[in-house]
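Q: FYI, the working numbering numbers position 232 of the sequence shown as 232, with every residue one higher than the one before it.
Hints were generated in silico from the structure; no laboratory data involved.
Note that the coordinates shown come from a computational prediction; the quantities given were computed from them, not determined experimentally.
Each hint should be verified, as a subset may be incorrect.
To be verified - Using 20 Å as the maximum straight-line C-alpha spacing, the simulated DMTMM-like pairs for lysine to aspartate or glutamate come out as follows:
#1 Lys144 / Asp159
#2 Lys144 / Glu111
#3 Lys57 / Glu137
#4 Lys179 / Asp10
#5 Lys179 / Glu168
#6 Lys164 / Asp64
#7 Lys57 / Glu172
#8 Lys164 / Glu154
#9 Lys112 / Asp10
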Amino acid sequence: MQNKQPLILDAEHHAALFGCLARCTLSTLEEQGPAAVREAVILYGNQRGARMAMRAKAAGLPLDMATYNATREWQVVIPGAAHQHPAYKADPTPAYYVSLSSSCPWHAAWEKHGMLEEGLYYCNDVDVALLHGFNPELRLTVTKLLTRGDGYCEMHWQDDLDHKAAEELVQERAAAAGKVMGWDYHMCHLYCSFISVLSKYPQCRSILNAAREMFEGLYGAGALDALTPWMTCNFASLPKEG
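Given only the sequences and the hints, what does the whole structure look like? Please build it.
A: This is the structure:
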């Protein structure tokens with residue numbers, strides 16, 4: 001009998017894990033569920049943004065939008081036609097960068113598994129939390145979301161005033177301070193963010209067990225085994241390898 005090949009984790013699995021964790025939290029904690037899920041998302045985003053800032057500071061880079069775009073910790077392949085970069089917003093002045101995305105692997109995964117309602121909790125807060133963790137003085141307003149049924153995501157990066165001109169600078173800074181972490185790392189960070197929040201509730205263990213069982217129901221027994229080496233990691237700081 002051939003050994004079963006390990007699951008190759010990607011953005012779909014990250015999204016599905018969130019959906020499982022959120023669904024089990026919401027159904028178990030009932031009226032306390034939404035606040036718990038939101039707290040976990042904000043913690044996750046803040047910590048990842050803070051790690052980006054740590055790498056930037058270590059490289060002597062300013063905590064501006066160019067550095068933010070250079071130190072995102074992951075690369076997600078999105079079809080070019082689906083991830084559009086329209087003209088700068090003309091009003092108000094000064095003009096700033098507005099991004100539109102009509103396709104997203106997280107949205108696709110939640111749609112596939114019937115988890116759009118849970119996914120909205122992630123989309124409502126994660127990008128703002130990430131930017132705030134990187135530099136609380138930078139501003140982002142999210143006006144439309146795929147998971148809300150808007151047809152596309154629209155994000156107003158109010159401190160990204162010269163996005164196109166900064167593209168070469170972003171590449172230079174990525175070479176100096178960028179660090180792409182694997183999906184096992186990011187998924188474990190997500191899982192541990194829920195642990196941090198749910199540890200306040202007596203149902204913590206049952207929620208986590210139910211979420212793991214739900215995820216394995218989608219992807220097979222042992223689908224989360226790759227997370228094990230990261231379970232003792234302090235996600236509020238940089239991993240040992242940087």
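Q: All hints are to be evaluated individually against the structure, with a verdict given for each.
A: So, going through the hints one by one against the coordinates:
no. : hint            : verdict
1   : Lys144 / Asp159 : holds, 19 Å
2   : Lys144 / Glu111 : holds, 17 Å
3   : Lys57 / Glu137  : holds, 16 Å
4   : Lys179 / Asp10  : holds, 17 Å
5   : Lys179 / Glu168 : holds, 17 Å
6   : Lys164 / Asp64  : holds, 15 Å
7   : Lys57 / Glu172  : holds, 15 Å
8   : Lys164 / Glu154 : holds, 18 Å
9   : Lys112 / Asp10  : holds, 15 Å
The structure is consistent with each of the numbered hints, conforming to all of them.
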